[in-house]
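Protein chains: 2
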Amino acid sequence: MRDFSADTSALALNTATLGHNVDGQGAGWSPEQVIDACAARGFGGLVFWRREIGDRAVEIGERVRAAGMTVAGLCRAPFLAGPLVCGDDAAIMAEFRAAIDMAAALGAPVLTLVSGGVEPGSKGTRDSRMRLADRIARAADHAAGCGVALALEPLHPVYGGDRTCVMTVAEALDLCDAVAVPNLGIAVDVYHCWWDSTLPQVLADRARGRILGYHLCDWRADTRDVLLDRGMMGDGVADLKALRRAVEAAGYAGPCEVEVFSAADWWRRPPGEVLDTVVERFRTLC
Amino acid sequence: MRDFSADTSALALNTATLGHNVDGQGAGWSPEQVIDACAARGFGGLVFWRREIGDRAVEIGERVRAAGMTVAGLCRAPFLAGPLVCGDDAAIMAEFRAAIDMAAALGAPVLTLVSGGVEPGSKGTRDSRMRLADRIARAADHAAGCGVALALEPLHPVYGGDRTCVMTVAEALDLCDAVAVPNLGIAVDVYHCWWDSTLPQVLADRARGRILGYHLCDWRADTRDVLLDRGMMGDGVADLKALRRAVEAAGYAGPCEVEVFSAADWWRRPPGEVLDTVVERFRTLC
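Residue numbers (our numbering), protein chains in the order written: chain A, 1 to 286; chain B, 1 to 286.
Hints are supplied without guarantee of correctness; some may be wrong.
No copy is singled out in the list; a pair is fine if it fits within one copy or between any two copies.
[Unchecked claim] SDA-like cross-link-like pairs, simulated, lysine to any residue; straight-line CA separation at most 25 Å:
#, residue 1, residue 2
1, 241, 162
2, 241, 50
3, 241, 206
4, 241, 130
5, 241, 268
The hints are simulated quantities; they were obtained by calculation from the structure and are not laboratory data.
Working from the sequences, and respecting the hints, build out all of it.
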């Protein structure tokens, strides 16, 4: 087993951890500043959000690789079902394809998918998951042609009304089974999955070769806001070592992507301090 | 099958739906006023909270039965694990026994248990569930002697840090299996369980004879506060008819207990209007 106490090559930064540079949060760093700061600290990769890339995907991807890192992924496809979709079916699919194209231009091997919530007018999640499966199936060939894998991320059940209709890894794997294309897998996020006591068994039984991302943060026992109060690793109750053992036991050997949405705490700190903390916590706790 | 469109005998009110008479919410109705208002509307039962009963348990229980209804249950035992427990082990067990005694004095056949969250200093939920199982096991004989069954209620994973270490019906049944006493079962609450796509199968496979309560409300798609923004039946995305079919297919024939915590909406309305709405929604949607 690798000695993770010294090795940060598996560590990737999801740029949301630095506050998205929106609403006065974060330091307003450019992608180039983030790249340099992560390279200096030994990060192995970066995951960007589409809003940060604009029309500079090729340039930014090359900049990351020139700094000795990889673009580990891109966040994210648009909501594919539920009340928060971005328009009619044609608009949703066009934005989905645009996200795939951006991932390809960046050189990101993985695009993260979040499902979106319950379709207006329906009850429960079944109809919404059928709609979701249909839209993924219709984009999967285009993604394959671009060399992009799609990572469906189950979200915490608290988002079950508006943001997700896929709440567990088991449900995400069910959906992968239903769509049945080789470039669709799952992302396992500590925040969304830490509570699921069946997770190690589900991963061992069903996830081999299908885990496309592992996202690190923590669940604060006194979570004050379910969207923007995630904990840094160690600040909460998730069993981080057990979760990593479970994803790696299922064959995952990709990056550990730190993604902390924290409007009241980490987003208010200097980015350099946040990155130093990420490295230290990763080395000692993850 | 009963004609539920006319029959409200299965309908029980959890008094929390009227605002608990605390913090300026609700109408400040006495237990007697609640009893009369529910009897007049054809409710079959009532579920009280301990704070409303004080030392009047026998008197209030008799008053409910004189009005032609049953005391369907009592909320609730103290947190049995995690950061919100009420003191040391002796204090927790004393309060647990006091809650059992109050249920017996009321003539309530069921006491609701919520587990409490993650034990301070531990990670994940395993240690906390062992602590919980131990405390339930140590109180179960006393409850049996009082004729009181214990209904362990899995809570929504959003409460996983501080209020629960049992997030799903399957986990609650696992814990019942571990404790293995005849007077321990589960409560199924729409708010906590609506999102779980495995629920019908889990209930069919494992819950026969073990469902001691079914709690009605709804999950609002735009839930604004995870503690006090529950929806009235019909205001959200839960598939209420499918959930009731699932609990009844597993043999449950007890009351449907309406429990709506709604500080910003229903608790601000006149209690008579709330009760009328409960009856109408139950008849048409549940």
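Ascending list of hint numbers which this structure does not respect:
2, 5
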